[in-house]
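Sequence order for the protein chains is Z and V. Under UniProt numbering, think of the first position of the first sequence as 1, with each following residue one higher. Under UniProt numbering, think of the first position of the second sequence as 1, with each following residue one higher.
One or more of the hints may lead you astray.
Unchecked claim - So the derived label-pair ranges between C-beta atoms look like this:
| # | chain 1 | residue 1 | chain 2 | residue 2 | range |
| --- | --- | --- | --- | --- | --- |
| 1 | V | R432 | Z | P7 | 57 to 65 Å |
| 2 | V | R432 | Z | S116 | 45 to 53 Å |
| 3 | V | L279 | Z | R24 | 33 to 41 Å |
| 4 | Z | N49 | V | E439 | 28 to 36 Å |
| 5 | V | Q410 | Z | E178 | 42 to 50 Å |
| 6 | Z | V5 | V | E345 | 14 to 22 Å |
| 7 | V | L500 | Z | D16 | 44 to 52 Å |
| 8 | Z | P7 | V | S348 | 20 to 28 Å |
| 9 | V | Q410 | Z | D35 | 32 to 40 Å |
| 10 | Z | I86 | V | E345 | 50 to 58 Å |
| 11 | Z | P13 | V | Q99 | 56 to 64 Å |
| 12 | V | L500 | Z | K90 | 42 to 50 Å |
| 13 | V | V417 | Z | P7 | 26 to 34 Å |
Quick caveat, the hints were computed from the structure, so don't treat them as lab data. Where is the CB? At the ideal position from N, CA and C, for every residue including glycine.
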Amino acid sequence: MTNTVEPIGFDVPALDVYPSFTDRYFQAKYLVDADTKVHEDHCVLIHSNRICVVTLAPSHPVVAFQKTISSINFQIGDKTNRLNNIVQGKRKHGAQGLKPEAILCEIQCEDGLKYSVQSCVHGKLIEINENLVKNPQLLVEKPKSDGYIAIILPHLSKNDKFQSNLVLEEEYMKVVAERKVKVENVPHT
Amino acid sequence: MGEISGNNSMLHHLIELGCCKLCCLRYLGERSPSAYKNPVDTLKKKYLLLEDCEVEENPSKLKKSNVCLACLGLLQENLRETVISKIVSDVNDADYDCQEFSCALSMPVSFCLRTHSLNLYLMDKFPDPSEDTAEIRFVSVKDVWKWVAASEIADGIKKSFSQSNDCDFSITISIGYDDDEKECNCLMEMHKETYDVRKKQTRKFKDCLLSRKSVEALLLTTKPDHFQKYYPTPPEIPNNAVKCASVSLHHNSLYVAGRYNKFSRKLSQTPWLIGGERLMESSVQELLCDRIVQLAKAQDLRFSSSGREDVDVRMLGRGRPFFCELINPHRVHLEPKHFRAIEREILSTTKDVSARHLQIVSKDQVAQVKTGEEEKIKIYSAYCIMSGADATVDWAKLESLSSKCPIVLQQKTPIRVLHRRSLATRERSIFRLEVSKAETQEPKAFVLNMATQAGTYVKEFVHGDFGRTTPSLRDLLGSDVDILALDVKDIELDWPPEILPDNQD
Numbered sequence: 001m002t003n004t005v006e007p008i009g010f011d012v013p014a015l016d017v018y019p020s021f022t023d024r025y026f027q028a029k030y031l032v033d034a035d036t037k038v039h040e041d042h043c044v045l046i047h048s049n050r051i052c053v054v055t056l057a058p059s060h061p062v063v064a065f066q067k068t069i070s071s072i073n074f075q076i077g078d079k080t081n082r083l084n085n086i087v088q089g090k091r092k093h094g095a096q097g098l099k100p101e102a103i104l105c106e107i108q109c110e111d112g113l114k115y116s117v118q119s120c121v122h123g124k125l126i127e128i129n130e131n132l133v134k135n136p137q138l139l140v141e142k143p144k145s146d147g148y149i150a151i152i153l154p155h156l157s158k159n160d161k162f163q164s165n166l167v168l169e170e171e172y173m174k175v176v177a178e179r180k181v182k183v184e185n186v187p188h189t
Numbered sequence: 001m002g003e004i005s006g007n008n009s010m011l012h013h014l015i016e017l018g019c020c021k022l023c024c025l026r027y028l029g030e031r032s033p034s035a036y037k038n039p040v041d042t043l044k045k046k047y048l049l050l051e052d053c054e055v056e057e058n059p060s061k062l063k064k065s066n067v068c069l070a071c072l073g074l075l076q077e078n079l080r081e082t083v084i085s086k087i088v089s090d091v092n093d094a095d096y097d098c099q100e101f102s103c104a105l106s107m108p109v110s111f112c113l114r115t116h117s118l119n120l121y122l123m124d125k126f127p128d129p130s131e132d133t134a135e136i137r138f139v140s141v142k143d144v145w146k147w148v149a150a151s152e153i154a155d156g157i158k159k160s161f162s163q164s165n166d167c168d169f170s171i172t173i174s175i176g177y178d179d180d181e182k183e184c185n186c187l188m189e190m191h192k193e194t195y196d197v198r199k200k201q202t203r204k205f206k207d208c209l210l211s212r213k214s215v216e217a218l219l220l221t222t223k224p225d226h227f228q229k230y231y232p233t234p235p236e237i238p239n240n241a242v243k244c245a246s247v248s249l250h251h252n253s254l255y256v257a258g259r260y261n262k263f264s265r266k267l268s269q270t271p272w273l274i275g276g277e278r279l280m281e282s283s284v285q286e287l288l289c290d291r292i293v294q295l296a297k298a299q300d301l302r303f304s305s306s307g308r309e310d311v312d313v314r315m316l317g318r319g320r321p322f323f324c325e326l327i328n329p330h331r332v333h334l335e336p337k338h339f340r341a342i343e344r345e346i347l348s349t350t351k352d353v354s355a356r357h358l359q360i361v362s363k364d365q366v367a368q369v370k371t372g373e374e375e376k377i378k379i380y381s382a383y384c385i386m387s388g389a390d391a392t393v394d395w396a397k398l399e400s401l402s403s404k405c406p407i408v409l410q411q412k413t414p415i416r417v418l419h420r421r422s423l424a425t426r427e428r429s430i431f432r433l434e435v436s437k438a439e440t441q442e443p444k445a446f447v448l449n450m451a452t453q454a455g456t457y458v459k460e461f462v463h464g465d466f467g468r469t470t471p472s473l474r475d476l477l478g479s480d481v482d483i484l485a486l487d488v489k490d491i492e493l494d495w496p497p498e499i500l501p502d503n504q505d
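Generate coordinates for the entire structure from the input sequences, incorporating the hints supplied.
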């Protein structure tokens with residue numbers, strides 16, 4: 001009596017296009033017009049274990065216009081440098097605490113414009129993507145994977161609050177579509 | 001002759017104080033267990049007890065047939081029989097199949113005071129020429145109780161009594177005494193300062209202001225005249241006898257080891273509960289161990305294995321070494337045929353797991369499997385897909401990876417486990433890496449066969465986890481690749497010993 005073992009891959013449904021790693025494990029939610037700054041949309045990738053990965057939305061000017069980033073500044077005010085975050089243990093002791101409005105970093109673009117990135121989520125900062133320091137352009141090239149900005153352990157009891165400031169993919173797509181209509185309707189001056 | 005006559009006057013004094021026969025022998029320093037079998041005979045023959053002082057037959061000389069002031073009745077026949085019969089019936093009801101037992105008595109705290117008082121009194125009144133301490137000169141209640149009770153218990157429960165410390169089955173008899181608190185109250189005055197402090201240290205001394213150990217330690221430092229101010233020497237004759245408050249039975253853990261296979265991609269290793277709610281119908285642990293627990297009639301179990309695979313990962317090949325600790329087992333004589341039957345039963349009831357080489361292992365063997373966890377090599381097969389829209393499998397590049405081994409990875413704790421593990425960057429090695437064609441019709445798929453160091457996160461090695469594992473297969477190939485199925489093919493650890501088919505009756 002032995003069990004017959006099916007070859008590996010037989011239970012994987014064949015597809016024309018396979019979803020990305022990001023799509024398979026994360027639900028994307030969006031913060032539209034962050035801090036009332038028009039079009040500065042953020043994206044929060046929520047893993048099935050509730051860990052949040054914060055990044056820029058495809059519609060954010062930096063990503064949408066494929067801007068060249070000259071630097072990303074993680075020094076917030078005089079006291080806080082997001083790169084100096086140290087966490088210990090399972091519960092991430094010593095982590096910098098974040099409120100949804102907290103600034104994670106400032107993106108300086110070569111066109112002279114500067115953009116602030118918000119935490120979007122109430123929680124503990126687990127890590128900043130250190131690869132962005134050497135290669136800030138990752139943020140433009142791969143915002144939904146290697147160009148992520150930060151990983152945050154959300155504060156679960158304050159979960160309700162962070163749900164309310166974020167919208168689902170569908171709603172986000174609607175907002176972006178409406179913007180396009182508006183832009184097309186603006187008379188050229 | 002001088003010693004005997006000295007003993008004789010001490011004996012008469014003990015009887016007058018209200019000591020029972022066995023306690024008389026204790027205080028006379030009698031160390032032969034057999035002397036306690038027939039105490040009246042011993043007292044008459046060895047200690048020249050005269051007929052008219054005979055406790056049993058002529059109680060008129062005593063106040064009345066009192067509760068012994070030294071043992072609080074524990075050694076007196078009536079109570080002894082009640083306690084023993086309760087132990088016997090409790091043990092028989094619990095139905096343990098082990099062959100030996102050890103037993104321990106837990107005495108009330110006030111008993112320490114009583115013993116201390118009587119010791120002081122007798123040491124003063126009958127000084128010992130050899131200048132031994134009371135603890136050496138007199139025989140303890142516990143020892144005598146075991147001498148007289150153990151053989152009776154042994155007969156009643158059909159197990160042999162063991163004096164050894166590593167006897168696996170222990171009976172703990174907790175002795176209760178109604179006047180315990182009343183008799184202990186004097187300590188609050190005797191050591192007012194100490195107890196006033198302790199009463200304030202509520203966290204440290206919560207529920208146990210008076211423990212036997214702490215009281216014994218305090219009494220050692222108490223001067224006799226100070227003690228006598230608060231506690232009578234000799235102690236008073238008690239109004240009540242002690243009683244058997246509880247009998248608790250415990251058998252040391254039994255360890256059953258084996259190797260398991262897991263054929264399902266929808267089965268977690270241990271019960272998966274979130275907020276008390278089950279996420280999966282069953283688990284490897286339950287499918288393997290429920291029957292073992294039933295067989296051993298154990299109270300509880302702890303499942304452990306050398307590593308663990310994810311819910312969606314199959315465990316093939318020789319299987320994964322595991323063991324379960326059976327806590328307080330009532331059946332310990334488990335035979336190979338029982339284990340073979342369990343293995344067959346698992347095969348016939350589920351397609352999801354199987355077990356082999358089931359056997360009893362020692363605690364030392366269990367420790368072996370836990371050490372050297374880091375050095376183990378694990379063999380995996382991964383079903384991978386080139387995930388880019390127009391990507392194709394670059395066989396030449398994949399095949400060239402074999403020669404790059406060992407590949408040393410820097411792995412940050414994967415995002416998927418970051419909620420319950422600490423953040424760290426760990427160095428792990430891939431010792432061998434070979435690519436083969438997938439048996440599916442998928443042109444974008446290939447199978448990666450790997451030998452890795454224990455603790456390597458294979459899924460993250462393939463897709464890179466947002467660049468948090470470097471180098472990843474994606475880095476090495478220079479294009480997006482994803483892992484859609486994973487099998488563990490072997491854990492290179494020869495444990496527990498294989499059971500050869502010859503022995504499978």
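Going down the list of hints, with the structure as the test:
1. Distance hint check: the CB atoms of V/R432 and Z/P7 are about 20 Å apart, inconsistent with the given range 57 to 65 Å.
2. At about 48 Å, the CB distance of V/R432 to Z/S116 agrees with the hint of 45 to 53 Å.
3. Between V/L279 and Z/R24 the CB atoms are about 19 Å apart, so this pair departs from the stated range of 33 to 41 Å.
4. Checked against the hint of 28 to 36 Å, the C-beta distance between Z/N49 and V/E439 comes to roughly 32 Å, which is consistent with it.
5. The given range of 42 to 50 Å is respected by V/Q410 and Z/E178, whose C-beta atoms sit roughly 44 Å from each other.
6. At roughly 21 Å, the beta carbons of Z/V5 and V/E345 sit within the given window of 14 to 22 Å.
7. Our hint of 44 to 52 Å for V/L500 and Z/D16 holds, since their Cβ atoms are close to 51 Å apart.
8. Checked against the hint of 20 to 28 Å, the pair Z/P7 and V/S348 passes, with Cβ atoms roughly 25 Å apart.
9. Remark: the range hint 32 to 40 Å for V/Q410 to Z/D35 is upheld by a beta-carbon distance near 36 Å.
10. Between Z/I86 and V/E345 the C-beta distance comes to about 52 Å, which sits within the given range of 50 to 58 Å.
11. Taking the beta carbon of each, Z/P13 and V/Q99 are about 58 Å apart, inside 56 to 64 Å as hinted.
12. Under the hint 42 to 50 Å, the C-beta atoms of V/L500 and Z/K90, about 43 Å apart, fit the expected range.
13. For V/V417 and Z/P7, the Cβ-Cβ distance of about 28 Å falls inside the hinted range of 26 to 34 Å, so the restraint holds.
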